[in-house]
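Asker: Letter by letter, the chains look like this.
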Amino acid sequence: MSEAHPILRVRDLTVELQSAASRRKVLDSVSLDLHADEVLGIIGESGSGKTVLSRAMVNWVSRPLEMTSGQIFYHGEDLRQMPVRQLQVLRGRKISYIGADPTSALDPTLPIGHQIVEKLKSVEPGISEADARKRVIETLQAVRIPSAAERFNEFPFQFSGGMMQRVMIVDALVTSPDLLVADNITQPLDVTVAAQILRLLRDLQAEYRTAILFVSSLLGVVNDIADKVLVLANGRVVERQSMQGILQSPEHEYTRHLVRDMPRIWEAQSEVPAVRARVNSNHGREAILSVRDVSRTYATKDRSRLFGKQYVQAVRGVSFDVYKGDSLGIVGESGCGKSSLSRLLSRLEEPDSGKILFKGQDVGGLRGTALLNLRRGFQLLLQDPYNSIPSHLTIGRTVAEPLIIHGGRSKAEIREKVAETMAEVGLGPELAHSLPVGLSAGQRQRVNIARAMVLEPELLILDETLSALDQVEQAKLLGLFEKLQVRHGMTYIYISHDLGMVRRVCSRVAVMYLGRVVELAGNGTTFFNPGHPYTRALLSAVPAIEHRPYDAATYLLEGEPPNPINIPPGCSFRTRCPFAFGRCAKDEPTLLARGSGDLAACHLAEGGMPAPGMSPAGLHDLNPVPALRSGTGA
Amino acid sequence: MLFAVDFFLRRLVQGLVIVVLVAMLIFTLLRVVPGDPVRIMLGPMVTAEMAEETAQKMGLRDPVPVQFIRYAAQVISGDFGHSFVRSAQGGSTGGSRGGDTFDASNRAPVMGLILTALPYSLLLAGLALGISLVISLPIGIVAGLFSGRWPDRLALYLSSLFVSLPNIWLALVLIFLVSVKGGLLPAIGYQNWTYAILPALVLAIELSPVFIRSASVAVSSNMMESYVPSGIIRGLSRPRMIVAHVLRNSMIPLLNVVGIQAIGLLLGSLFVIEYAFNYPGVGLLMINAVFQRDFPVIQAIAILACTVLVLVNILVDFAATTIDRRLQY
Ligand code: SF4
Numbered sequence: 001m002s003e004a005h006p007i008l009r010v011r012d013l014t015v016e017l018q019s020a021a022s023r024r025k026v027l028d029s030v031s032l033d034l035h036a037d038e039v040l041g042i043i044g045e046s047g048s049g050k051t052v053l054s055r056a057m058v059n060w061v062s063r064p065l066e067m068t069s070g071q072i073f074y075h076g077e078d079l080r081q082m083p084v085r086q087l088q089v090l091r092g093r094k095i096s097y098i099g100a101d102p103t104s105a106l107d108p109t110l111p112i113g114h115q116i117v118e119k120l121k122s123v124e125p126g127i128s129e130a131d132a133r134k135r136v137i138e139t140l141q142a143v144r145i146p147s148a149a150e151r152f153n154e155f156p157f158q159f160s161g162g163m164m165q166r167v168m169i170v171d172a173l174v175t176s177p178d179l180l181v182a183d184n185i186t187q188p189l190d191v192t193v194a195a196q197i198l199r200l201l202r203d204l205q206a207e208y209r210t211a212i213l214f215v216s217s218l219l220g221v222v223n224d225i226a227d228k229v230l231v232l233a234n235g236r237v238v239e240r241q242s243m244q245g246i247l248q249s250p251e252h253e254y255t256r257h258l259v260r261d262m263p264r265i266w267e268a269q270s271e272v273p274a275v276r277a278r279v280n281s282n283h284g285r286e287a288i289l290s291v292r293d294v295s296r297t298y299a300t301k302d303r304s305r306l307f308g309k310q311y312v313q314a315v316r317g318v319s320f321d322v323y324k325g326d327s328l329g330i331v332g333e334s335g336c337g338k339s340s341l342s343r344l345l346s347r348l349e350e351p352d353s354g355k356i357l358f359k360g361q362d363v364g365g366l367r368g369t370a371l372l373n374l375r376r377g378f379q380l381l382l383q384d385p386y387n388s389i390p391s392h393l394t395i396g397r398t399v400a401e402p403l404i405i406h407g408g409r410s411k412a413e414i415r416e417k418v419a420e421t422m423a424e425v426g427l428g429p430e431l432a433h434s435l436p437v438g439l440s441a442g443q444r445q446r447v448n449i450a451r452a453m454v455l456e457p458e459l460l461i462l463d464e465t466l467s468a469l470d471q472v473e474q475a476k477l478l479g480l481f482e483k484l485q486v487r488h489g490m491t492y493i494y495i496s497h498d499l500g501m502v503r504r505v506c507s508r509v510a511v512m513y514l515g516r517v518v519e520l521a522g523n524g525t526t527f528f529n530p531g532h533p534y535t536r537a538l539l540s541a542v543p544a545i546e547h548r549p550y551d552a553a554t555y556l557l558e559g560e561p562p563n564p565i566n567i568p569p570g571c572s573f574r575t576r577c578p579f580a581f582g583r584c585a586k587d588e589p590t591l592l593a594r595g596s597g598d599l600a601a602c603h604l605a606e607g608g609m610p611a612p613g614m615s616p617a618g619l620h621d622l623n624p625v626p627a628l629r630s631g632t633g634a
Numbered sequence: 001m002l003f004a005v006d007f008f009l010r011r012l013v014q015g016l017v018i019v020v021l022v023a024m025l026i027f028t029l030l031r032v033v034p035g036d037p038v039r040i041m042l043g044p045m046v047t048a049e050m051a052e053e054t055a056q057k058m059g060l061r062d063p064v065p066v067q068f069i070r071y072a073a074q075v076i077s078g079d080f081g082h083s084f085v086r087s088a089q090g091g092s093t094g095g096s097r098g099g100d101t102f103d104a105s106n107r108a109p110v111m112g113l114i115l116t117a118l119p120y121s122l123l124l125a126g127l128a129l130g131i132s133l134v135i136s137l138p139i140g141i142v143a144g145l146f147s148g149r150w151p152d153r154l155a156l157y158l159s160s161l162f163v164s165l166p167n168i169w170l171a172l173v174l175i176f177l178v179s180v181k182g183g184l185l186p187a188i189g190y191q192n193w194t195y196a197i198l199p200a201l202v203l204a205i206e207l208s209p210v211f212i213r214s215a216s217v218a219v220s221s222n223m224m225e226s227y228v229p230s231g232i233i234r235g236l237s238r239p240r241m242i243v244a245h246v247l248r249n250s251m252i253p254l255l256n257v258v259g260i261q262a263i264g265l266l267l268g269s270l271f272v273i274e275y276a277f278n279y280p281g282v283g284l285l286m287i288n289a290v291f292q293r294d295f296p297v298i299q300a301i302a303i304l305a306c307t308v309l310v311l312v313n314i315l316v317d318f319a320a321t322t323i324d325r326r327l328q329y
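Order-wise, the sequence lines are chains H and B. Read in order, the letters of the first sequence are residues 1 to 634 in full-length UniProt numbering. Read in order, the letters of the second sequence are residues 1 to 329 in full-length UniProt numbering.
In isolation and in its complexed conformation, chain H is listed as follows (with noise of 0.2 Å):
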């Protein structure tokens, strides 16, 4: 490794927004140096310039950007000053990039293969068809694509987000570059699949000695695998440190708060005092909303038989109870079923067999206004801000709206209870009479929510609702929750993939994996002592900057949940699990009581597994990147 020469130099790298009136800088004399096999770390929030600053490493900028001046050398040449002949080949041959969306970034009607030996021929001239097929499915192979030849001839719909990402990591090492720009890679994946694709990267980056650009807005991911950091805030580099240095001690004021902000699970220092007054106290309570062994099965279209159909088991038989100002969270992978199930919470389905009982009404024999009046009892948001508010209505008449269809309430009632719950969101009354254009994202969530509060709802189904917002808008959404929960008394279903914000917001958690809850259990126990391999295998792969009391050496899963269409019998989580025995295969295990309420449904879940590490915390270096688990993933 030569200190003295890195491959990448960038040296003062300003790019500049052009608009007709002005000019604003994107990036803001940004320098950097990145040596052979190492990897560096960009981290900065929305709108701070870094994907702009990775595309710039692979001169990918256009109008209305320009960048107006610095040098960014590879190997000491300039590539801005480069013929555009002689930079094409460098790019992808020498010069790799990878985007946040895999799934739009090949050709979609050509079988990835085929696409991945075309850009191989194309960047190195005179390589035969064999040798190019030879070659893409070896490194196919080494990012462990299950059948790989097979994979080869099949077309980018038909896989995976995570399993394209995959496809596009070897389109980018296949001509084994020196220089991997990563943008955001891991964002649109879930947690468990983010990982795996972290780990397989940092084994790759061993292998081939690749120099990696890694861009992140999540300081977790890039302490999984950046060994030094470099911060941007709008446009600028404030700090630049060893990982371990950064998160020990941040020198600037906003990375200081990056730091701090970052939410914690296991060494959140003050849990929310609402919650751990609730935990595991549902004796005697007020169930307001009993699910009873509910069922929901979906019916494709079968393309190996003739006129066949088969049968997409969404949801399987489950059960739980939601107590009375209680908050309760529902993760799980994406395909978990937790989007089917919340699709029947909120009656926009009705299970095929079991009951929803709201206050002890089935909900399912419901019509005409004995619905309308139990819609009034809880309502359902979801994630999309934009397309769910009218945007040829004034706000005020948006979120009056439900008060209008259910009627039976004066105009000047109306307004007055309007501008009321505006208020109690946190929406300005000048708001009421214009219309929603330019309210940022999480405005327009408030303006849901209000819509939704006006009725003076008991329950709220809240499905990745704040999925969408930056750190800061989730935070005080989250604060706005606790402050009518603890006003109104109302009750939460949050249905989310982020393990770090159902960790402060939720009592009790549902985790849900092919179509049944797995594991029901209070906040306490799912985080630090959790019945189910499969809750501490979500855990493992949370990016965190803490130490994790479950390994990912030992609980990460390899591969994705298996189809929900034939799932076999015994334990649906044993093909993936590794703990699985004999009797898993046979014997579905059922949702048992472990003492005080949590349930978990495994045969070990009363001993069997190796206890949690839980060594001090803030000892990070205790946690490296783990070794690959030896043979292929399931």
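Hints in this document: simulated from the structure, not taken from any laboratory. One thing to keep in mind: the hints can contain errors.
Using C-beta positions, here's what the derived DEER-type ranges look like [as the list claims (entries may be wrong)]: (1) B:S226 - H:S176: 53 to 63 Å; (2) H:E413 - B:M24: 53 to 63 Å; (3) B:S226 - H:D587: 42 to 52 Å.
Every residue gets a Cβ at the ideal spot worked out from N, C-alpha and C, and that includes glycine.
Given chain H, put chain B with the ligand in place with the hints provided.
Answerer: Frame of chain H, contents of chain B with the ligand only:
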């Protein structure tokens, strides 16, 4: 393979239903609009009794459903019946020559009439489609690649101009300028294939705006897909991205346009244009049949046209699914 079987089975059944419905509609409409074919067959001089007797003999006074079922049974056995008007020797019978010349056994079979006319129409339609694609694809593709800039605007002006030219007017102008004044191409009737060029040109100009528009929209929307910049960053050149990916994927909407809009338009305009050029194709046969209330001919052509449309549609959709496999799901 399985997909193909499933696809064709399903679509052919659907198509059959459509054709049967159209046939019923045409059949019924023909019998409820005014104009008694017997009068035209036998001429104005014939007595009312005579006309009534002939009509009854031909089953024209039976209830429409009964007539339709009789007709359908005939069609299934491959027989589209005989023309009311044309004799087997060619030319029309009936009219002013009086009742005696009407000879039921000497009328031309509809199928024969159509099969004689069909090759001429196929030549004309093929030529029109070819000319139109040759003109509009390059224009449309360039417009799509430079979306929002002058080639795009030029293409827009050109298609607006083409759209606003009425085909019958254009036909007359071309006949006058190219054929009568210029003497460059023959125009009226048919003796050899050069007689098809002028009418094909008129049809091509009518078709072009649709092609130009859909080619440019398809290309420009594909250029905006993120796989294009991403491919260039992956190390593929821009020309390669355009030729191997963008143009290939733009084929899908284009195929649809060719299959549905273009064939539909062609079928419609063929009648007018063949009439204007006195071109002896199916269109002219149809127009004359309409004037003469020649029900069997009208019905047969309508059913065949509908069948062609349905079949082309199925084939085009199938071709699209082989280009973009996502459409199979
Ligand atoms: S029952 Fe067996 S396979 Fe299922 S989670 Fe427990 S140990 Fe793993």
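Asker: Take a look at whether the Cβ-Cβ distance between B:S226 and H:S176 falls inside 53 to 63 Å.
Answerer: Once the Cβ atoms are compared, 26 Å apart, the range 53 to 63 Å for H:S176 and B:S226 is violated.
Asker: Could you see if the CB distance from H:E413 to B:M24 stays within 53 to 63 Å?
Answerer: holds (59 Å)
Asker: Take the C-beta atom of B:S226 and the C-beta atom of H:D587, compute their distance, and say whether it sits inside 42 to 52 Å.
Answerer: holds (48 Å)
The earlier numbered hint that this structure contradicts is number 1, and it is the only one.
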